[in-house]
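Using the sequences and the hints given, assemble the complete structure.
Protein chains: 2
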Amino acid sequence: MSELSNDLMLFNELVTVLLNEEENHPVAKRIEANVLYDTIDLSLNKSAMADNSFKEVLKDILVATPKTATNLFFNQLFGGRQSKAILGDLLAVLLNNSMYTYKVAGPQVGIEQEIIRQSCHLIGYGSQSNGTFPTGGSMSNYMALVMARDAKDPSCRENGITKSLIIYTSKASHYSNAKNASFAGMGRANVRYIETDTKGRMISAELEKQIQIDLANNLTPTFINATAGTTVLGAFDPIDEIAMIAKKHNVWLHVDGAYCGSVIFSDAKRHLLKGIEKSDSFSYNAHKMIGTPLTCSLILVKDKKHLHDSFSNDADYLYQTDGDDFNLGKTSFQCGRRNDALKFWTLWKSIGTLGLEKIVDHQFELADVARNYLEKHPDYSTYSYEDSISVCFNYKNIDPKALCTLLYEHQITVVGFGEFNDDTFVRFVTINATNTKEDILNFFKVLENFVEEHHPILETAVC
Amino acid sequence: MSELSNDLMLFNELVTVLLNEEENHPVAKRIEANVLYDTIDLSLNKSAMADNSFKEVLKDILVATPKTATNLFFNQLFGGRQSKAILGDLLAVLLNNSMYTYKVAGPQVGIEQEIIRQSCHLIGYGSQSNGTFPTGGSMSNYMALVMARDAKDPSCRENGITKSLIIYTSKASHYSNAKNASFAGMGRANVRYIETDTKGRMISAELEKQIQIDLANNLTPTFINATAGTTVLGAFDPIDEIAMIAKKHNVWLHVDGAYCGSVIFSDAKRHLLKGIEKSDSFSYNAHKMIGTPLTCSLILVKDKKHLHDSFSNDADYLYQTDGDDFNLGKTSFQCGRRNDALKFWTLWKSIGTLGLEKIVDHQFELADVARNYLEKHPDYSTYSYEDSISVCFNYKNIDPKALCTLLYEHQITVVGFGEFNDDTFVRFVTINATNTKEDILNFFKVLENFVEEHHPILETAVC
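Chains as they are written, first to last, in this note's numbering: chain D, 1 to 463; chain F, 1 to 463.
Treat the hints as calculated values from the structure; they're not laboratory data.
Because the structure is a prediction, the values reported are computed rather than measured.
Do not rely on the hints blindly, as some may be mistaken.
[To be verified] If the Cβ cut is set under 8 angstroms, some of the chain F residues that face chain D in the computed set are: (1) Asn24; (2) Pro26; (3) Ile40; (4) Thr65; (5) Asn190; (6) Thr295; (7) Arg337.
[What the hints assert, rightly or not] Derived DSSO-like pairs: lysine-lysine, alpha-carbon spacing no greater than 27 angstroms straight-line: (8) Lys171/F with Lys46/D; (9) Lys46/D with Lys152/F; (10) Lys437/F with Lys199/F; (11) Lys304/D with Lys29/D; (12) Lys171/F with Lys401/F; (13) Lys330/D with Lys274/F; (14) Lys401/F with Lys46/D; (15) Lys46/D with Lys152/D; (16) Lys278/F with Lys152/F; (17) Lys171/F with Lys330/D.
Each residue gets a CB set at the ideal place from its N, CA and C atoms; glycine is no exception.
The following block contains the structure:
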């Protein structure tokens, strides 16, 4: 039997170990960071390791690796497993195509383009639209920023930045906006953080006011980032209002839907993106609400010309056959690029757009279950709102930072805290669509039991 | 049985299909780009697809997807399969950790750090060194450029670019250098392309001359990109000489080893990087010479301070527990980040550093086999040199562009062409370490037979 066949058998054996472990211990055995290297043999050495020892150390690693697919993981804006997406990503590992040319990626090019085409159609972008699969939401925002910059000042591709190009984003938006301003040579000081309303949505009148100020100072408004699902509260900026302002001042409008842009699949929730067809670019992460493995991020651009203008580069050694439309390297930041599309395609193809809709809708239903529970229990106070899958709360005035840390350290459940204005709270994310209503209620039970049992520790942690 | 178990069974079944297909048809059935959508049902639809039809369409896709792991694929700077790396990457899909925090990645953080530590040790970087796993070689070069820019002009993080920061790279270097200059707001016009010698290596005296010219013009030399394995010829720039110039003018020296930096594992070939310990940053792609699945790119930085200065950002919602050294998101471009380290670790752990050395050395042995063959056959002319795994040649004065395209279109073997100075030639890359000497000789036989059989077509294609 070939070595590969052996290792595929080992893979199957280890998956069984992993799935059993997840069943029996939904929260992984935690190893303190400072004793990690003493606890598991992670060392790389000159000599080969015997197969049996290798298998044992892999098992140790599997057991101790945080479990992001179980019903007690609520810490991130991803979680769970969509098994048809797993299938696609496993195949992508074996196929190992780089997505730059049709010669090397073949039908995988069509797979990527079909996802992009259907996504553009869902948001009402026209026939000039296209997109690509960046490596994540930060990179999607970055690509949008670079396109906006180059559209406003085409000479900067050749000559570099020569004037102050201004970026607008809400105070509740993702931190990549600040980093990206630095990376793109535009500078963090040129980012304007627009005030939000009490529900975390950008106040469009404040945006208008700020643009007027910048224009009066002879600065150049260049890029507006609106958010569909802010990182903490899961709020949706009013795209329709913002789009009017963007149009009036001829400023690029990007909608960062990394977290919740997947509402494009939901008849019930698509209205949260009202006006999206007026944006210049839109991104969403299928590895968040859709539940594919990491990473599966898309950026869609209303006029594909901008993708070409900012990202194409001739390279005779690479682009040798087939047309530009099939040589995807001409519209990506990267050169070699992993196939992030197949996992999304296998899921979408097998369950249909209606299946994706169910995945998205179910997360909102789970959030409703959580909010209803909180409302009925006076020991809780809530900090988030309808139409959000981030359910933010505090319990019995216990310091949420201490609570989340203790829940993690005691391997009870994995959840994090968030901040908005002057409040700090637990941020409970119902993004794992494989969870049931019972899983959601179980989380609160687990949390309450923990507090009950550890009252003395938490006494000192009242906020 | 759970849906996941079913899909894992389907995965195993499809892998068997794929491996059989690779055995019987090492070059995939080619579909003309313009009939792709009519030939395979890639469409995404509203409704779910029945399991049987889904399986059939997946088989169609597998059969038609270009095969990068077989012994007739020589088109890219990657190829083949290292089965222990496949194992690691399959596990990474199931584990699905994002690499930003210890809370969510746990021991995977240690896995990544151990690879970085050992790599830094191999190139003689000291105790202040560290690194990260960018999404590819272009991104590695970009991160190096941003660090160089920020080190030279720290105010640009806050205020943006305000002066001409000059970039130096050889004419034979990767095209990402031009793109990156644009992305970073520095401008393509500020890239100086330094002449190479006849073997494709940067001429350091020309670099010195150009820096003197720029200084005389009050410009700011900021970044030197040296290449360890140029894209076409596989040449190594003289790092030791370049490092002296970089030091003299206080300019950041990055060594782009995306293609051939993995010679750090070879006692016989490490001398090609002489002076590497004097560089400020160094990158290499384990998905190229080491043979892991895409992507597995590392950037190592002599002083980790620069990684933090350019890439860190506070985010209370994210970094909540454990120390900065274990929260890797503080030194990455991205926020959410796929686990690209595990596949490299499983390979390295199982076969040891000595095993990696064998992989690297074998590629040079295969290149020697190819070069020896070419030298003995007067119908060939060669365009590349010793110490390179890019074997560049022409055959019987046949236009290499036409030859490569026809070999591809007739599904004979997959290989590309390259250009250097005024020459165009076939670039045959011996990077698949699972190939044998016989596979290399077979390539030439296949090529010669094809030319013999298709003499009439190729007559018109003489260069």
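Find the hints from earlier in the document that the structure breaks and name them by number, from lowest to highest.
1, 2, 8, 9, 11, 13, 14, 15
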